[in-house]
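Residue numbers (our numbering), protein chains in the order written: chain A, 1 to 378; chain B, 1 to 317.
Heads up, a few of these hints could be off.
Stated by the list, open to error - Selected chain A positions facing chain B (in silico; Cβ < 10 Å):
#	residue
1	2
2	21
3	81
4	82
As the list claims (entries may be wrong) - Within a straight-line C-alpha distance of at most 20 Å, the following computed SDA-like cross-link-like pairs (lysine to any residue) qualify:
#	chain 1	residue 1	chain 2	residue 2
5	B	146	A	90
6	B	146	B	114
7	B	114	A	215
8	B	114	A	1
Just so you know, these hints were derived from the structure itself, not from any lab.
It should be emphasised that the depicted structure is a prediction, and the values quoted were computed from it without experimental measurement.
The beta-carbon is built from N, C-alpha and C at its ideal position, and this holds for glycine as well.
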Amino acid sequence: MRSLSRIGAVTAKEFIHLLRDRRTLAVVLALPVLQMLLFAYAISFDVKNVATVVIDLDKTPASQAYVSSYESSDFFTVVGTGDDLAAVDGVFDHNQALIAVVVPSGFGRSLAAGEKGSVAVYLDGSEPTAARVGQAFSTALNQVYSQQVTIRWADAQGLDVTAAGQLEPRVRTWYNPEKRSSDYLIPGLMVVIIMVVAVQQTAVSLVREREQGTDEQLAISPMRRWEMMLGKVAPWTLLAFLELAVVTAVGMWFFDLPLRGSIGVLALGAALFVFCSLGLGLVISAVAPSLETANMLGLLLSILPAFILSGFAFPLSSIPGWLQVVSCLFPARFMVTITRGVFLKGAGLAELWPEIAALGAYAVVVIAVAIVLTRRRR
Amino acid sequence: MTTTATAPAIEATGLSRRFGDVQAVDGVDLRIAKGAVFGLLGPDGAGKSTLIRMLATVLGPDDGDARVAGHSVRRASEKVTPLIGYMSQQFSLYPDLTVAENIDFFAKLRGVPKDVRRTRMMKLLEGMGLAEFVDRQAGKLSGGMKQKLFLASTLMHEPDVLLLDEPTTGVDPVSRREFWRILAGLHRQGTTVLVATPYMDEAERCTEVAFLESGRIRHQGSPAQIKALVPGRLFEVTADDPRAALAALQASVDRPSLPGLLSVHLYGDVLRVLLETDDPASVHAALQAAGIGAEVRPAAVDMETAFAFLAELGTAA
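Same shape as in the complex, but just chain A (with noise of 0.2 Å):
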């Protein structure tokens, strides 16, 4: 009962000082918003609108269908057309484009032929990425194309249009490769980002304590350190928990991420993911010798590990082992899988329950770890 007052003391205390502190109150609501839109409209692993030069060297109805199909393609702006090869060196030294499709001659009489049109399509190496990418679509068009017209060819002859082609599936795969980026991305951003404003929050809890010498009245009095821990995390869970909500709202409103999974397993997971990241930041208070440290150090103990161990930006199988052990020690990769596992494939307790208990464990582990720390610097 008595523990319970003086949780619940310093929990009131602590929102008080969060209302009369008007700029991180205005940050630590807003952040996170403009965070989620701005890293997911910055960190996009979609090409669209890679500049494209044509070359019709075959100026036939059937050349001319097919250039007209990357005219209409959102990955490909036509910059410009040429009548012969040379041309492509010239477009490339300037930086016009970074592709130019070269139909040669014969491509309409091969397609009449029902045999295979080729094509050529030059990349300019200098820009891997987008280039690489620009490949692919290319190939992607290039299959459609030719699939568009072998249905049409196979419907002219009366056959079985299914038995044609696997048409449909290509084309899911490879015609939403924005749907696919975002929604891959943004249950992984969510996570960095709720992670970033936690930590940063407690980082300088107790460090402020021990600089203002409040500490001192703390410690004489008969409050003991778990109970404080506890206070000074719970208004923070509440409030991360309440970011994560908007975030995850932002994220199925602007982005039309998909919610398959159990919401309930989703908030079980986010809260002690919250009360994990806030543990962290405890431990960082309790080791930092001043604010400036425990705010660096806050920063770049959540955003390193929460973008590079935390299976958000590279998968963690592909990551050395070495790395993979260290990963453990943040939260960020248990919450990834499940707001991955939530989001996309529909997971509940069935098959995300490891990475519930991680946290669970985690969280006992680092609040621990913090009281420890705490105790040890008189």
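Please arrange chain B on chain A, whose structure you already have, making use of the hints.
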């Protein structure tokens, strides 16, 4: 004051604490009777804060122990803390919380019941002239008001022993007097007060004082006892040229030309001269020989002079 038969409020034995190469507190033995207003004096860096922080259980001793309000700070700090109030040298409340919020928060932590909190707080604040500032943020109070608020906050759980680390440093003279008026009230109620101060006029108001230097207690006793430790007679010299007079007299210390001159100090424009004899004729003579016109009259030893001379005699011995 009847202090016999009852246990002392504070009893330290061999209390020591080191910071790196600095022995901040070096084997302090201290006995402070219940109900005393005990002044801890000494220059900056003498170890006053370290000593008080150990007694307040916020700092662990390297060696030795102390019983505060009957319990060991080493082995039973959780029994000490409910019985003490501690004001650190730095203002240690939340600047963004109001007066009432600060007091209420710490009182709640210390388990002061809700119905008692409000009335006790208002009584304390009224007694300190802070009642009208209940809803002002602590950071927006003046220095003197901050210290009074801090004191009010440490009094909410009615501690038996108050440990105050330079509570009036940086506070204006009027507020200082006001602060001591409050301490006098607590003294009448029987609270034991240990107060560190750099101000010698405040030392005069204590029932007992100790002079701390380099982590050790050099002198201890009532203000009268401390002053009685000063040997000889004190004279004040007002000269046309005080600096020349100081130089002339300093040159005569331990010389046969001016026998019995123990020490000489300049306070503002006045020289304070400590002589072994009751007759200042030799001082007159020395100054006349140096061609300095001066007036010499006997003076009473105050705490400030006492400690200046004791410090000097201590280092000379």
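Here is how each hint holds up against the structure:
A least Cβ separation of about 6 Å between residue 2/A and chain B falls short of the 10 Å threshold, and the interface hint therefore holds. The closest approach between the C-beta of residue 21/A and any C-beta of chain B is roughly 7 Å, which is under the 10 Å cut-off, so the hint is satisfied. Of the supplied interface hints, the one on residue 81/A is violated, with its beta-carbon coming no nearer than about 67 Å to a beta-carbon of chain B, more than 10 Å. Restraint check, residue 82/A versus chain B: the minimum CB separation of about 69 Å is more than 10 Å; hint violated.
Distance restraint check for residue 146/B and residue 90/A: the Cα-Cα separation of roughly 77 Å exceeds the 20 Å cut-off, and the hinted pair is therefore not satisfied. A threshold of 20 Å between alpha carbons decides the hint, and for residue 146/B with residue 114/B the separation of about 24 Å lies outside it, so the pair is violated. Straight-line distance between C-alpha atoms of residue 114/B and residue 215/A comes to about 23 Å, which puts the hinted pair past the 20 Å bound. A C-alpha spacing of about 14 Å is found between residue 114/B and residue 1/A, which places the hinted pair at or below 20 Å, so the restraint holds.
Against the hints set out earlier in the document, violations occur for numbers 3, 4, 5, 6, 7.
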